[in-house]
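Novice: Chains as they are written, first to last, in our numbering: chain A, 920 to 1203; chain B, 920 to 1203; chain C, 920 to 1203; chain D, 920 to 1203.
Derived from the structure by calculation, the hints contain no laboratory data. Bear in mind the structure is a predicted one, so any value in this text is a computation, not a measurement. Some hints could be false.
Given that identical chains are not distinguished, each listed pair holds provided it fits within a single copy or across any two copies.
Below, computed lysine to aspartate or glutamate pairings styled on DMTMM-like, alpha-carbon distance capped at 20 Å [as the list claims (entries may be wrong)]:
| # | residue 1 | residue 2 |
| --- | --- | --- |
| 1 | Lys1074 | Asp1124 |
| 2 | Lys1156 | Glu1167 |
| 3 | Lys944 | Glu967 |
| 4 | Lys1203 | Glu1167 |
| 5 | Lys977 | Glu967 |
| 6 | Lys1111 | Glu1028 |
| 7 | Lys1134 | Asp1124 |
| 8 | Lys1021 | Asp997 |
| 9 | Lys1203 | Asp1192 |
| 10 | Lys1029 | Glu1080 |
| 11 | Lys1156 | Asp985 |
| 12 | Lys1111 | Glu1080 |
| 13 | Lys1152 | Glu1167 |
| 14 | Lys1111 | Glu1167 |
| 15 | Lys1074 | Asp1121 |
| 16 | Lys1074 | Glu1062 |
| 17 | Lys1043 | Asp1124 |
| 18 | Lys1152 | Asp985 |
| 19 | Lys1073 | Glu1017 |
| 20 | Lys1111 | Asp1015 |
4 protein chains.
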Amino acid sequence: MEIGFLGLGIMGKAMAINLLRHGFKLTVWNRTLSKCDELVEHGASVGETPAAVVKKCKYTIAMLSDPSAALSVVFDKDGVLEQINGKGYIDMSTVDAETSIKISEAIKEKGGNFLEAPVSGSKKPAEDGQLVILAAGDKAFYEEALPAFDVLGKKSFFLGEVGNGAKMKLVVNMVMGSMMNAFSEGLTLAEKSGLNAGTLLDVLDLGAISNAMFKLKGPSMLKNSYAPAFPLKHQQKDMRLALALGDENAVPMPVAAAANEAFKKARSLGLGDLDFSAVHETLK
Amino acid sequence: MEIGFLGLGIMGKAMAINLLRHGFKLTVWNRTLSKCDELVEHGASVGETPAAVVKKCKYTIAMLSDPSAALSVVFDKDGVLEQINGKGYIDMSTVDAETSIKISEAIKEKGGNFLEAPVSGSKKPAEDGQLVILAAGDKAFYEEALPAFDVLGKKSFFLGEVGNGAKMKLVVNMVMGSMMNAFSEGLTLAEKSGLNAGTLLDVLDLGAISNAMFKLKGPSMLKNSYAPAFPLKHQQKDMRLALALGDENAVPMPVAAAANEAFKKARSLGLGDLDFSAVHETLK
Amino acid sequence: MEIGFLGLGIMGKAMAINLLRHGFKLTVWNRTLSKCDELVEHGASVGETPAAVVKKCKYTIAMLSDPSAALSVVFDKDGVLEQINGKGYIDMSTVDAETSIKISEAIKEKGGNFLEAPVSGSKKPAEDGQLVILAAGDKAFYEEALPAFDVLGKKSFFLGEVGNGAKMKLVVNMVMGSMMNAFSEGLTLAEKSGLNAGTLLDVLDLGAISNAMFKLKGPSMLKNSYAPAFPLKHQQKDMRLALALGDENAVPMPVAAAANEAFKKARSLGLGDLDFSAVHETLK
Amino acid sequence: MEIGFLGLGIMGKAMAINLLRHGFKLTVWNRTLSKCDELVEHGASVGETPAAVVKKCKYTIAMLSDPSAALSVVFDKDGVLEQINGKGYIDMSTVDAETSIKISEAIKEKGGNFLEAPVSGSKKPAEDGQLVILAAGDKAFYEEALPAFDVLGKKSFFLGEVGNGAKMKLVVNMVMGSMMNAFSEGLTLAEKSGLNAGTLLDVLDLGAISNAMFKLKGPSMLKNSYAPAFPLKHQQKDMRLALALGDENAVPMPVAAAANEAFKKARSLGLGDLDFSAVHETLK
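Just chain A, with the same shape it has in the complex (with noise of 0.2 Å):
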């Protein structure tokens, strides 16, 4: 079967591969058509525009950088729309709730199927085929598209109706923000009262709240080096759009409200670009 693959940034390449490995026939396409030239390499063809990959493919997969990028993919002339008509489109780009009902209404509207399927996890797990997939829209189309989130994840799911990816990757997001807070406060209470940070990670790592983000970003901390994995605005962005959400709803959030305020401090501060675990920072 021929799937088409739109995007090919560090995600998206990483993906594609992993599709081709595993025996799909890709077509893909990228903003840049060069790019597409490692995976003709791997064995895909290319379309030349996004219209045309659509056009030739039972459905298509998108993997695009932010939510314009996602939207002009979608709407622009040579766009999914044009061609949609009885075909499918899965947006796996991280974009907010409105972007993707929006996509999803006009394909929907063009006679074609939608899935929004947001993606938790990095470049190595894309690679490995370990990422958590976040899928809502046609439950049909889901099932159809199964065998690709197999192979691209460890586990995906299916949540309901568009929108509702974007909102559950918002609520871990915003877990994790506030997690990272608490983290960086207990370290420098640990510092400031004389006991040996690097001792805390040791006694953390031990029990019952043990995870893998307080082992990985434990140590740069205490060097203070925040090369960026996942940029401090872009947290900061989650905790808004979290808290917002809770807005609508009437959820109180204190802990939450007040992790925000810090990585707002942070952002003050110009480290906004840094990682998010810089928000360390703000309370040297």
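On the provided structure of chain A, position chains B, C and D as indicated by the hints.
Specialist: Showing chains B, C and D alone in chain A's frame:
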């Protein structure tokens, strides 16, 4: 070698049996002496008073319920102090730094050696020798006691001067308390936003912040079930003490402060004796 | 000079009568035209449509209930835009900066002059000409409108570009919302600590933080009485918008964020339509 | 009638002179006795020791710098306790409830009467007899002392049992501390959003939340000038004690907790000895 053991509550009993199983000779004492019977079946001797136990053994371990019990066993008539000259004493109870220091000073003045050694872990890890031991005090004595610590815990730390064990435990519990609030906010936000909170648990469990506490507490929180493993009022007390430690050292901790207020809100709702996960109720 | 006046709700009627009493000639319009009768008794003329009013007058003041009414009066058929060329328009409704800017741009494009001029103060100050006017937009037009502002308010400010009036109001309301929470926490702490909360009101009133809001709201809060002068849901909306403004500009505002969560908690308790002082209930 | 007066610091001297001017006969004492000279010029007698003053007078007022001075004057050799039988003692120093209660109990045991009576107001109100007096203790003695309180203060309150005076002061200072943070956030938000912060001061001053503190502190805060009238570290200590009082009584105070963390942040920046308005710096 003969070791003394004072205090045969849930934790103390499990730890004493564990030592006996690993070949240690124990002389035990408990305020209600009948509680010693089961230990005698496992091969222990019984001492009539704390002083009698201390006199007989090279060093003595205590596992008592709270600071007042810890003080009483040491300072009362027929207490530890009366026979401590030339002996060692290890208090593994969870007490505040002040209590530890008070006991430490009295014992040293009388010519004894002292370690504070609070543990993290509850009944099950105590039975399985899987505690984490946070020891502080006399370094040479720590090394002498290592064989016992190796039986009782999966790992022991030596943290320097007396008081550091108590402080380290506070820092860990503070991080845990903030995390519990972050988790509870996430669950509530999911539910109120039309997501399935059970699915959120699954998604969290597949990501970088997956941890045993979320796995253990999540399902019961979704059922509004809060059987007390760690009572909320104790968690809130630890948050308060950690914030006080931060106050002494001018460490701002806005997330812990917000979490502490949520635990106080829970107390004001009469939830202090339930599990600390009952803070979940404050968001409803 | 003939002035137009659109919108005869509680505020608008009081303001229009005030202008008539001070010798201004008014042509008034209201969506429900019968509401114009009382104004006619005071000497006003009536216009059939917003466009008709604008056409007849040098400039027109609007005092409408919300952003959608404010937009409708301008953009609908027979609306302000149709006759605005060469005329002036002052929108004194409380709307967000975006709505103001949208109206402003449309009016300027059609050759009209525009001021946004939200007020602080409610019915009584409106009747007494004691409003505070936060004007922004065309400076020359502001000076032309000063005689009317001098009648309507005890003070008017010119704040620069359109949007600044709305922003200034948000900042003031944010400070007010945080203060209300601080006050409520103080009252609750007094009561729960065995002090007389009524005496606290007296003590506060004699000190440096004495203010009219504490004096007005304190006694009713102690009686758990929250007749809506300023509905809690509107206060919370203003807190949210102020926090969003802070987010845009990377301003950390931890106290406002905590206050906002308390207002959200109050909303979740179903108190959104009561007075904003009902946030007091969240502490019980 | 002869009244004793212990402690002639800035506050005490102003209060004592005020009493002399209103016809009271005073016997004064100060640790550095030479400070009594100015009072002698105003007609006071001098006592050699606190005990000597107490012996000579019906009742004695103390205005000392801190808890340790307050305790020393009572409990040391030649202290108040030695002659208190049948006499009255009014401690107007600002001390914590515990210190007050300790002094109260000792004096009652010796057959004396006691009032705690901390004041709000600084040097100028002390000179002008415009203090606010928060008295608690023996009701009959309070009524006996009213003529003196009427001279010293614009208003005195009788608050019931000893400790309530100290608690009332904490509650007031807590509200003040949260308000200062709300104010500072507003000023910062105005500046960073392109508004004129000086205009914000004018707008605030015309509305329902206008108060003397905003008027006094606003202009200097905009100049980053924080000459210490009320040192930040003392404000933060009062926030901490108020939060502790709330903790005892299970009162959640999320806004005060957030404000307290901001004051702690300010302390961590080395601003503890500046005015409490220096918390403004934490937002920059």
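Novice: Determine for every hint whether it applies to the structure shown.
Specialist: Hints versus structure:
In this assembly of identical chains, Lys1074 and Asp1124 lie within 20 Å of each other by CA distance solely across copies; the values are 11 Å between and 26 Å within a copy. For the homomeric pair Lys1156 and Glu1167, the shortest alpha-carbon distances inside one copy (17 Å) and between copies (10 Å) are both at most 20 Å. Taking CA atoms no more than 20 Å apart as the test, Lys944 paired with Glu967 passes inside one copy only; the shortest distance there is 17 Å, against 68 Å between copies. With identical chains, the CA atoms of Lys1203 and Glu1167 are at most 20 Å apart between copies only, with a shortest distance of 15 Å across copies and 34 Å within one.
Proximity of Lys977 to Glu967 under the C-alpha cut-off of 20 Å is restricted to the intra-copy arrangement: shortest distance 17 Å within a copy versus 60 Å between copies. Taking the shortest Cα distances, Lys1111 and Glu1028 never come within 20 Å of each other, neither inside one copy (60 Å) nor across copies (29 Å). For the identical chains of this complex, Lys1134 and Asp1124 are neighbours both inside a copy (7 Å) and across copies (16 Å), given an alpha-carbon limit of 20 Å. For the homomeric pair Lys1021 and Asp997, the shortest alpha-carbon distance inside one copy (18 Å) is at most 20 Å, but the shortest distance between copies (33 Å) is not.
In this assembly of identical chains, Lys1203 and Asp1192 lie within 20 Å of each other by CA distance both inside one copy and across copies; the values are 19 Å within and 19 Å between. For the identical chains of this complex, Lys1029 and Glu1080 are intra-copy neighbours only, at 18 Å inside a copy versus 44 Å across copies, given an alpha-carbon limit of 20 Å. For the homomeric pair Lys1156 and Asp985, the shortest alpha-carbon distance inside one copy (13 Å) is at most 20 Å, but the shortest distance between copies (28 Å) is not. Taking the shortest Cα distances, Lys1111 and Glu1080 sit within 20 Å of each other only across copies (15 Å), while inside one copy they are farther apart (48 Å).
Within a single copy, Lys1152 and Glu1167 get their C-alpha atoms only as close as 23 Å, which misses the 20 Å cut-off; across copies the closest is 11 Å, which meets it. Only between protomers do Lys1111 and Glu1167 lie at most 20 Å apart by alpha-carbon distance; the minimum there is 9 Å, versus 39 Å within a single protomer. Taking the closest pair of Cα atoms, Lys1074 and Asp1121 come within 20 Å of each other only across two copies (10 Å); inside a single copy the shortest separation is 30 Å, beyond that limit. In this assembly of identical chains, Lys1074 and Glu1062 lie within 20 Å of each other by CA distance solely inside one copy; the values are 13 Å within and 47 Å between copies.
Taking the shortest Cα distances, Lys1043 and Asp1124 sit within 20 Å of each other only across copies (18 Å), while inside one copy they are farther apart (23 Å). For the homomeric pair Lys1152 and Asp985, the shortest alpha-carbon distance inside one copy (14 Å) is at most 20 Å, but the shortest distance between copies (33 Å) is not. When the C-alpha separation of Lys1073 and Glu1017 is checked against a cutoff of 20 Å, the pair qualifies neither within a copy, at 27 Å, nor between copies, at 44 Å. Taking identical chains as interchangeable, the C-alpha atoms of Lys1111 and Asp1015 lie at most 20 Å apart only when they sit on different chains, with a minimum of 18 Å there against 40 Å within one chain.
Consistency with the previously given hints fails for numbers 6 and 19, ordered from lowest to highest.
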